[in-house]
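S.K.: According to the numbering used here, the sequence shown holds residues 1 to 291 in order.
Keep in mind the hints are simulated off the structure, nothing from the lab.
Treat the hints loosely; a few may be bogus.
Here are the computed lysine-lysine pairs in the DSS-like style, where the Cα-Cα straight-line distance is at most 27 Å [what the hints assert, rightly or not]:
no., residue 1, residue 2
1, Lys173, Lys115
2, Lys277, Lys39
3, Lys55, Lys115
4, Lys244, Lys273
5, Lys55, Lys277
6, Lys244, Lys109
7, Lys87, Lys55
8, Lys277, Lys244
9, Lys39, Lys259
10, Lys109, Lys55
11, Lys87, Lys115
All of these numbers come straight from a predicted model, not from anything done at the bench.
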Amino acid sequence: MLTGKSVLFVGGDARHLEMMEQLILADADVFAVGFEEAKDQLSDVNFVHADQVYKQELAAVVLPVTGLDQDGYAEAHYAEESPHLAKEWFNELPDDCFLFTGIMTPYLKDLDTFKGMIVPLFERDDVAIYNSIPTAEGTLMLAIQYTDFTIHDSNIMILGFGRVGKTLVHSFKGLGANVSVSSRSTIDLARIYEYNCLPIPLEQLDENLADCNLLINTIPDIVVTPTIIRALPEDSLIIDLASKPGGVDFRYAKRIGIKTIQAPGLPGIVAPKSAGKILAHVVHHILNEEE
1 MLTGKSVLFV GGDARHLEMM EQLILADADV FAVGFEEAKD QLSDVNFVHA DQVYKQELAA
61 VVLPVTGLDQ DGYAEAHYAE ESPHLAKEWF NELPDDCFLF TGIMTPYLKD LDTFKGMIVP
121 LFERDDVAIY NSIPTAEGTL MLAIQYTDFT IHDSNIMILG FGRVGKTLVH SFKGLGANVS
181 VSSRSTIDLA RIYEYNCLPI PLEQLDENLA DCNLLINTIP DIVVTPTIIR ALPEDSLIID
241 LASKPGGVDF RYAKRIGIKT IQAPGLPGIV APKSAGKILA HVVHHILNEE E
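Whole structure, please, built from the sequences with the hints as guidance.
M.R.: Here is the structure:
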């Protein structure tokens, strides 16, 4: 439980609405800045201005998944104006205060006077593994929506065998797809074989795409180059799950008529409620560890 702990949310999206509800259920005192248009969706939330909060009592500040931009503004899907946090605002936070963000930004890295701990949630293994579930479901949704073939008995090539890649394998194999996985790592290739998938060294990828119906990239680097794209059948689909700018040469794919979908951040798009519960669970766990 989070009884007696105060948590301030500054901007956010639908995931943060669910996070607030979950933390309230854990008996936290929740304050919100930049959620004026969501008041009717939230109960027991204190809607305030950032300067109205008694910062010395805060156990945590929760920022949008995008953090703060170069000028200190937070994305706020439920407000007309984006909340702003000057660097001086953080000076009064207690030394044991947590600052939760999705990603680190240059602005956050420059908070020299902030004595607490910044937690980039999307860099944590547990968050990435939990998030791989809605990511895989969202990928299945896109594959079904934008193709004219069944997943069953289709030929799927997954690039990368990290936390998302492994969950994608389970999801597509569970529907009867023929799954190949490409990686640079010889250890990964051995594990891919153990998963009963076809392991493809990344340097040999272009030689193994003649029958590919769907290519899914999870590698945050430009690995789907013109050479790779030329090797694909003209009716194939590329889904890029890598963080922007992505891992696909979209310009070249468009030029030769290969259909592509850039889909980073699927959990917040296809399942914001579940994604919010995931983030709330991790925040709750971290705050409880400090007791």
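S.K.: Which of the listed hints are not met by the structure?
M.R.: 1 and 9
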